[in-house]
Amino acid sequence: MTKKTKFDFQKNYDALERITNDFEAGKYNLEEGLTKFEEGLKLARELKVYLAEVNQSVQTIKGKYRELTSESKTKS
Amino acid sequence: MQIYSVSEFVHGVNELLSGIPACVQGEVSNFHVTQNRFVWFDLKDEASYVSCFLLAFQLDQPLEDGMEIQVFGKPNLFVKSGKFHLRVNKIQAVGVGSLKQQYELLKAKLTKEGLFDPARKRTLPKFPQRIGLVTSSDAAAYTDVLRILNNRWAGYEVIHFPVNVQGNQAVSSIVEALQYINHEYANSLDVVILTRGGGSMEDLQAFNDESVVRAVFGLKVPIVTAIGHERDETLAEFAADQRAATPSNAAELVVPDKRDVLTQIHTMLNGQAQSLDHQYKHVSERVSTAVLVLSQHIKQYDQNVDQLLALLHSYNPKQILKRGYSITQFKNKVITKRAQVTLGDQIETIFQDGIIKSKVL
Chain A
1 MTKKTKFDFQ KNYDALERIT NDFEAGKYNL EEGLTKFEEG LKLARELKVY
51 LAEVNQSVQT IKGKYRELTS ESKTKS
Chain B
1 MQIYSVSEFV HGVNELLSGI PACVQGEVSN FHVTQNRFVW FDLKDEASYV
51 SCFLLAFQLD QPLEDGMEIQ VFGKPNLFVK SGKFHLRVNK IQAVGVGSLK
101 QQYELLKAKL TKEGLFDPAR KRTLPKFPQR IGLVTSSDAA AYTDVLRILN
151 NRWAGYEVIH FPVNVQGNQA VSSIVEALQY INHEYANSLD VVILTRGGGS
201 MEDLQAFNDE SVVRAVFGLK VPIVTAIGHE RDETLAEFAA DQRAATPSNA
251 AELVVPDKRD VLTQIHTMLN GQAQSLDHQY KHVSERVSTA VLVLSQHIKQ
301 YDQNVDQLLA LLHSYNPKQI LKRGYSITQF KNKVITKRAQ VTLGDQIETI
351 FQDGIIKSKV L
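Protein chains in written order, with this note's numbering: chain A, 1 to 76; chain B, 1 to 361.
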């Protein structure tokens with residue numbers, strides 16, 4: 001079994017940006033376009049999932065921190 | 001009449017004279033030392049003078065012309081010259097003038113030796129636990145010191161070394177007490193107070209004695225002295241690590257006031273609490289800011305990905321199929337030229353709603 005490698009947000013984001021820029025610049029013919037389009041969709045989907053996960057973590061941290069500060073305020 | 005030889009005569013007279021020890025008071029003149037071993041001076045009053053002689057090591061205090069002194073000794077003739085003189089055993093300065101003169105001479109000598117050097121003064125411990133008190137049990141100074149120590153501080157132990165602070169026994173008892181401390185208490189005492197109350201210059205004389213000054217200088221424990229009133233400057237005080245104005249002041253120098261220490265502790269605690277509170281608020285603000293910035297970043301990236309996705313969709317090659325175009329593929333490769341296929345090839349044509357498979361005829 002292969003070990004799941006860590007998702008590299010920046011690398012994937014850059015790749016999506018590059019594909020979109022290349023579409024804008026008209027770099028792809030029809031065939032390449034079909035492949036790159038699918039690739040772009042996949043990247044965008046993964047990026048959205050990752051961002052949702054990170055956002056959830058930040059919200060959890062925020063909640064814990066709020067609990068901590070209100071606790072210390074009550075104590076003092 | 002018996003006839004003596006000269007030496008027999010001198011010897012005989014000396015035998016007679018040796019039976020009449022005398023104490024003679026007068027003014028010192030013509031004081032000088034020869035070969036570093038023989039001390040000579042004349043003792044005079046308005047009408048007469050008498051020669052005095054002693055060996056240098058017997059001279060235990062400074063002498064100078066003009067001093068009023070008492071000389072204890074025996075009359076004697078020198079064997080060689082037959083000259084009359086007083087063979088001195090002991091000298092004692094008398095009168096304030098002489099004591100002052102002697103004081104100044106000894107002060108100059110000991111200053112030169114470095115006994116009063118400010119650089120060798122030790123710092124007193126801040127919170128002493130064992131305090132040595134060298135004074136007379138009957139002195140008001142004794143009760144003064146104990147009272148002030150008790151008012152100011154607690155949790156210490158006072159070890160009293162009773163001494164005579166004036167009179168004939170004063171010098172030896174003070175020196176012995178200080179030597180005893182060095183021998184028995186050097187490691188267990190934190191500080192020593194040597195004190196006595198006010199008195200005349202003669203009363204305080206023991207504290208100007210060279211051996212007492214040297215014993216103070218040589219004490220292995222830091223020492224505070226308070227001798228007489230503030231205006232009385234005895235030599236022992238110059239040799240001490242710190243000089244107090246009065247016995248009560250000595251106690252004040254040796255222990256802190258518990259009220260001051262409590263105030264200091266409160267101030268320190270308040271300062272620390274404020275500092276901690278300040279740090280907490282600072283860190284707290286930084287954490288809030290960091291979380292906020294992180295959220296904003298995530299939001300921004302999310303929007304960027306949405307924009308890129310929208311842009312990508314606008315370039316979707318399959319969008320054109322909706323307008324009636326179709327894509328023809330052979331073995332999953334888009335056919336853009338006639339020459340890519342030959343008769344009989346199985347090709348796929350992709351429409352917006354599905355695929356038609358056909359054969360080239």
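No lab work stands behind these hints, which were simulated from the structure alone. Beta carbons: idealized from backbone N, C-alpha and C, even for Gly. The reader is advised that the hints may include incorrect statements.
Claimed, not checked - As a list, the in silico DSBU-like pairs of lysine-lysine whose alpha-carbon atoms are at most 30 angstroms apart:
# : chain 1 : residue 1 : chain 2 : residue 2
1 : A       : Lys36     : B       : Lys337
2 : B       : Lys220    : A       : Lys27
3 : B       : Lys337    : A       : Lys11
4 : A       : Lys62     : B       : Lys281
5 : B       : Lys281    : B       : Lys107
6 : B       : Lys281    : A       : Lys27
7 : B       : Lys107    : A       : Lys27
Stated by the list, open to error - Label-pair ranges, simulated between beta-carbon atoms:
#  : chain 1 : residue 1 : chain 2 : residue 2 : range
8  : A       : Thr60     : B       : Lys331    : 47 to 55 angstroms
9  : B       : Lys359    : A       : Phe7      : 22 to 30 angstroms
10 : B       : Ile347    : A       : Leu41     : 19 to 27 angstroms
11 : B       : Ile347    : A       : Lys11     : 15 to 23 angstroms
12 : B       : Ser284    : A       : Leu41     : 38 to 46 angstroms
13 : B       : Lys299    : A       : Lys27     : 13 to 21 angstroms
14 : B       : Ser284    : A       : Leu30     : 37 to 45 angstroms
15 : A       : Leu68     : B       : Leu262    : 29 to 37 angstroms
16 : A       : Leu68     : B       : Arg323    : 54 to 62 angstroms
17 : B       : Lys331    : A       : Arg45     : 26 to 34 angstroms
18 : A       : Thr60     : B       : Gly354    : 39 to 47 angstroms
19 : A       : Lys11     : B       : Gly344    : 41 to 49 angstroms
The hints, checked one at a time:
1. For the suggested pair Lys36(A) and Lys337(B), the alpha carbons sit about 22 angstroms apart, so the restraint of at most 30 angstroms is met.
2. In summary, the hint linking Lys220(B) to Lys27(A) is not supported, as the alpha carbons are separated by about 95 angstroms, beyond the 30 angstroms threshold.
3. Proposed proximity of Lys337(B) and Lys11(A) is contradicted: the alpha carbons are some 37 angstroms apart, above 30 angstroms.
4. Annotation: proposed proximity of Lys62(A) to Lys281(B) holds, straight-line Cα distance about 16 angstroms (limit 30 angstroms).
5. A hinted pair counts as satisfied when its Cα atoms are at most 30 angstroms apart, and Lys281(B) with Lys107(B) does not qualify at roughly 63 angstroms.
6. For the proposed pair Lys281(B) and Lys27(A), the alpha carbon gap of about 54 angstroms is over 30 angstroms, so the pair is violated.
7. A C-alpha spacing of about 105 angstroms is found between Lys107(B) and Lys27(A), which places the hinted pair above 30 angstroms, so the restraint is violated.
8. Evaluation of the 47 to 55 angstroms hint for Thr60(A) and Lys331(B) yields a pass: the beta carbon distance comes to about 50 angstroms.
9. Evaluation of the 22 to 30 angstroms hint for Lys359(B) and Phe7(A) yields a failure: the beta carbon distance comes to about 46 angstroms.
10. Against the hinted window of 19 to 27 angstroms, the Cβ-Cβ separation of Ile347(B) and Leu41(A) comes to about 26 angstroms, which satisfies the hint.
11. Checking the proposed 15 to 23 angstroms range against Ile347(B) and Lys11(A) shows it is violated: the Cβ atoms sit about 38 angstroms from each other.
12. Take Ser284(B) and Leu41(A): their Cβ atoms lie about 43 angstroms apart, and the range 38 to 46 angstroms holds.
13. At about 31 angstroms, the CB distance of Lys299(B) to Lys27(A) disagrees with the hint of 13 to 21 angstroms.
14. Checked against the hint of 37 to 45 angstroms, the pair Ser284(B) and Leu30(A) fails, with Cβ atoms roughly 57 angstroms apart.
15. For the hinted restraint 29 to 37 angstroms between Leu68(A) and Leu262(B), the CB-CB distance of approximately 35 angstroms keeps it satisfied.
16. At roughly 59 angstroms, the beta-carbon separation of Leu68(A) and Arg323(B) lies within the given 54 to 62 angstroms, and the hint holds.
17. Between Lys331(B) and Arg45(A) the beta carbons are some 28 angstroms apart, a value that agrees with the proposed interval 26 to 34 angstroms.
18. Look at Thr60(A) against Gly354(B): about 46 angstroms separates their beta carbons, and that is inside 39 to 47 angstroms.
19. Distance hint check for Lys11(A) and Gly344(B): the Cβ-Cβ separation is about 46 angstroms, which falls inside the suggested range of 41 to 49 angstroms.
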